[in-house]
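Trainee: Sequence:
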Amino acid sequence: MYRRRVRPSTRDHAAPSEMPEQAGPSATPDLREQLAALTKATRQQGALLQRMCETFTPPLSTAPRAPEQSAPPPTTPVAAPATAEPPPVTVPTTPVTFSGEASQMFETEQERMTERLARFHRFDPPRFDGSCTEPWVVEGRVSVIEKLFEDLFIAEWEHVHLGVHCLAGDVHSWWRRMRQTPGLVALQIKWDEFCVLLYGA
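Here my numbering is used: position 85 in the sequence shown is 85, and no number is missing along the way.
No lab work stands behind these hints, which were simulated from the structure alone.
Keep in mind that this is a model prediction, so the values were computed, not measured.
There's no promise every hint is true.
Stated by the list, open to error - List of simulated lysine to aspartate or glutamate pairs, EDC-like, C-alpha gap at most 20 Å:
1) Lys147 / Glu193
2) Lys147 / Asp124
3) Lys190 / Glu134
Modelling step: build the complete structure from the supplied sequences, incorporating the hints.
Mentor: Dropping the structure here:
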């Protein structure tokens, strides 16, 4: 007949669990200092991120406006119970640098655009300096550039950025002036619109 063997319980032999040491009263001010320093660093990063967003987003005047809605009346904040105010913390100021995904995405995009530009220039696109303003010459050069866009599978939103690198001399100076024209957002202009401006130059 089979007898079941009984194993001793591991609970009986386990060492008593150790309790973590209780933090003394000196830990509270240290935590407050760390919290204050972290809050300040977070605010600095938030301000920096806000400036980055303002730099990389187009002006509101060109974006379609959403219908205005009436905002609900502001609510009155309820004051929290009074607690002891932690002493002010002095944190040494260090320059804030981009870190993490934002800087990596920016660097990746910059490398990708540099690679596209180098690849575009390897095919020796025609330069346009404004010395010959005959319409058929300008249209011929634009056609060659457009053919390069097709052959290199360049996305439409990159056409103007790469096409501008074919401008030289007076025409490049013209483009720099055009970019400063109110209402013209150089980052949002399409290739067809750019060509219309170029033919009228």
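Trainee: Are there hints from earlier that the structure breaks, and if so, what are their numbers?
Mentor: 3
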